[in-house]
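Asks: Chain order of the listed sequences is A and B.
Residues in the first sequence are numbered from 1 upward in steps of one, following the UniProt record's numbering.
Residues in the second sequence are numbered from 1 upward in steps of one, following the UniProt record's numbering.
Where hints are given, some of them may not hold.
A pair holds if it fits inside one copy or across any two, identical chains being indistinguishable in the list.
[Unchecked claim] 20 Å max Cα-Cα, derived EDC-like pairs, lysine to aspartate or glutamate:
#1 223 - 291
#2 488 - 476
#3 381 - 244
#4 223 - 107
#5 223 - 82
#6 199 - 224
#7 292 - 210
Please keep in mind that the hints were generated in silico from the structure rather than gathered at the bench.
2 protein chains.
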Amino acid sequence: MADEVKSFNVDYTGQYRGASKLVVLPTTTEQIVDVIKLCDLWKLGIVPQGGNTSLTGNSTPTFDEVVISTRRMNKIISIDADTGTVVCEPGVIPANLEQTLESASYDLTLPLDIGSWDISCIGGNVATNARGYRTLQYPTLRHSIVGLEAVLPNGDVLSLMEGSQADQFGMDLKQCLIGSEGMFGIITKVAIRCPSRPKFTNVGLLVCDDYDSVIKVLRYARKEFAETLSAFEYMDQGALGVAERELYMKLPIPFNHYGTVRRKKFHAIFMEVSSSASNKQSSNVMTSFIDKVRNLGLCCYGMSSQDKQESEKLWGPRRSVITACKATGTVFKFDLTITPEQLPELVHLLESVSASDRTLASGDGKVQRVPDGPANAARIKDLFVFGQLPTGSIHVVATVEPGTCDLARASLLGVHQTPACVTRLKMALYNWLRMRKTSPFSRLLSLSKISDEQITQWTHQPDWDEHRFQGFPSRDLQLSIKKAWDPKGIMNPYKSWSFIDT
Amino acid sequence: MADEVKSFNVDYTGQYRGASKLVVLPTTTEQIVDVIKLCDLWKLGIVPQGGNTSLTGNSTPTFDEVVISTRRMNKIISIDADTGTVVCEPGVIPANLEQTLESASYDLTLPLDIGSWDISCIGGNVATNARGYRTLQYPTLRHSIVGLEAVLPNGDVLSLMEGSQADQFGMDLKQCLIGSEGMFGIITKVAIRCPSRPKFTNVGLLVCDDYDSVIKVLRYARKEFAETLSAFEYMDQGALGVAERELYMKLPIPFNHYGTVRRKKFHAIFMEVSSSASNKQSSNVMTSFIDKVRNLGLCCYGMSSQDKQESEKLWGPRRSVITACKATGTVFKFDLTITPEQLPELVHLLESVSASDRTLASGDGKVQRVPDGPANAARIKDLFVFGQLPTGSIHVVATVEPGTCDLARASLLGVHQTPACVTRLKMALYNWLRMRKTSPFSRLLSLSKISDEQITQWTHQPDWDEHRFQGFPSRDLQLSIKKAWDPKGIMNPYKSWSFIDT
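Based on the provided sequences and hints, a complete structural model is requested.
Replies: Quick look at the structure:
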């Protein structure tokens, strides 16, 4: 394979590799139209690619599809400070755009908070409906998109540059393209509504003795800060412990090393308050909030920061928790939505299901196996919970120590292997969500398997679909909609929702 | 026709009338499934109906379709104050839900601001992606929907109760259902994320001498209030004049009656600031803002209010402007998106295009025709502009005095007649939007014709489509997507996007 096309064939994690011999790097929509019309005529598969930072394998070819990279379409077309509307080409890198937006004449900020900030492209951010945990005010990029232009699989240009979030007329086709991961067409122009730049940001790290206090702090924070609360992340002791143990991190809170017997459990809250209003004092509102909840006996330890560098340090454990897990071995992450009050019940359920599948830390810090279950089975080493409490978006993480028998099976079955202990957890979660009458939500959103530098969206595997689609008719519907957009099935084929036109 | 089914056959405006003999009023999703399965089997058309307050004729039958009204499915299923998540059935009336939400134990508010607040249903609000002008923070209901359940045209139940705004998995089918006006299925459950209840609301009415000052006030307001700015509506002199003249309103600003010669033009701004944060003082922030911009010479008159009743009075002219137009005769309203800086150019364009089509008010207040153009043609009486400046959502309104020749044609061609003077305006607007290189947006969003108690979404007429779809391939695509959801075409048929399966 020619060296020039190699980087377009391998995904960010190195796990997915294609064999495309043709990479097109257009600079205009018209060039994309020309290429797609040929592909349509000759029925060639197309892979749209931006920064190629996808973790799900959807931005690289599977076989020899034509890669259309929008990387060179990187012009900012217009910025209107009065409405905060930015129009740009899909190859613009968020960090570069932010640099332009933060100039005094615009004073805007991108409603986006993602790890691949400086290497991904806006087109890909839209196609994956990017989201972050420090943007409570802007849950996903979808909320801020006011216009799109895309080239359809037949080469037609679909111009949806309404400049408005209201779909005052027929279907809002923008909504289909957002989050579609390139299966409907190639995004060639994006209009984003950007908020004003925050004038101050306060970060706080609070430690509570019990989960009840966490809920109470959440309620106080919602009342106190309302629309200025930009993040409220919960981490349990296990999550913090993993970060400390595996990353040799010096956590900014005084607590003992993982493995020693503790007097009692504790719970951590990472909070951020930010506002772009100039009539707000930039004084440390977080400090007085922490004082208040401490005086109420809700929080046993707290620290705050309004300095940018120190704030980044405070955010460290939350930002690094997944990296820390990966050092342990293979990580399984479940994403679900619950109400904050349901969390203790969820934790109880997880613990009871996994009890016989756990490795246990003894008093002296050494790990010992519990007696039941085959001695050579894979075991759950860490099981912890973290997430965004004000929206109920919770992540359950299980790190798995491979057992000898599972390892053998894994080598036969490849990266998509689930150990039996994780399958039991998954079924328990699935049934709990579906059966709980008090739970308004019935879906497990996704499950990822993360092993050193390899992240597999489990949701794309048949093993997952089986559970996921029990009783849901949405799969057939999604295939029909895909066919409506792409009757020949040439756009990003061989991916989760593709089909082959025979 | 039996009296019982009559009200389900006639729309809110009295303009659209169907002849359905069968209205079903289910109380459960299962009952809807049973009815739809029969309709699917027998290929009977179905019209989903909520409060039947649609102004576009999409909630009433065209012929003898079966009406499925969700009005009796009016239970609130759950409210979680910590995440602000409300789950309810589609027949719940927004005003009733708000009453429950405002209780101290929840302290939430619906992110919705619509005129039919107390007679429409939540299901219909979602199906039309309801929006209002006093919710800058929540531009449309789409932004707040975190879960939906719907019955598909084949009777399958599509459960999308993710509880999350992130579509972490495949297509986000919720987005298709939102704003679909019943063409894809019947919404049977809704999960909405509601913000905390505002702790204070300040309203201001400001008058500026020139449009430049309006833009400057907008910029100050964005900086000063940022995320707490909940409304910023602009109205030009013409818009205010119509409200005063036709409604005999006593406007709360000292200005002369329409028709007298003025020294110069003026411009009005209606502003609202609201916050649910308890650390905000409820003092009148609007008063000090008005003082500030007056001292800067940007505003020649201003008044503010934090009292609810007085605030409603201040909002009067903005709220009543369409009602006022209707008293004049037939009203044509164009909706478009521009940048605030483009407004003077737009106004100039409109005035130059319509000059020969105008009736002119002479110095003594009497109306006289300009000499050119046929004496018996329909004339534009009022031409004015209002809209939401921070998002650039602008409405251009032309009220038309029928000329004798047009009247004759109108009686032949029915309610969808456009007078030649309006067609000229429409084409000018359309071309301006499409051709302007500096304009990021290329679409005229919609055009409505409003005559006494009759509102026609012009966008649903072929005459409009002709211009609207010039060069846009989206119509075919929308029909294919409709077919994917509803292959037999039984769901809300004979409407704008329907097709008949032959």
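Asks: It remains to establish, for every hint, whether it holds in the given structure.
Replies: For each hint, the structure was consulted:
| no. | hint | in the structure |
| --- | --- | --- |
| 1 | 223 - 291 | within (16 Å within a copy, 30 Å between copies) |
| 2 | 488 - 476 | both (17 Å within a copy, 16 Å between copies) |
| 3 | 381 - 244 | within (15 Å within a copy, 74 Å between copies) |
| 4 | 223 - 107 | between (28 Å within a copy, 9 Å between copies) |
| 5 | 223 - 82 | between (30 Å within a copy, 10 Å between copies) |
| 6 | 199 - 224 | both (18 Å within a copy, 11 Å between copies) |
| 7 | 292 - 210 | within (17 Å within a copy, 48 Å between copies) |
Checked against the numbered hints above, the structure violates none of them.
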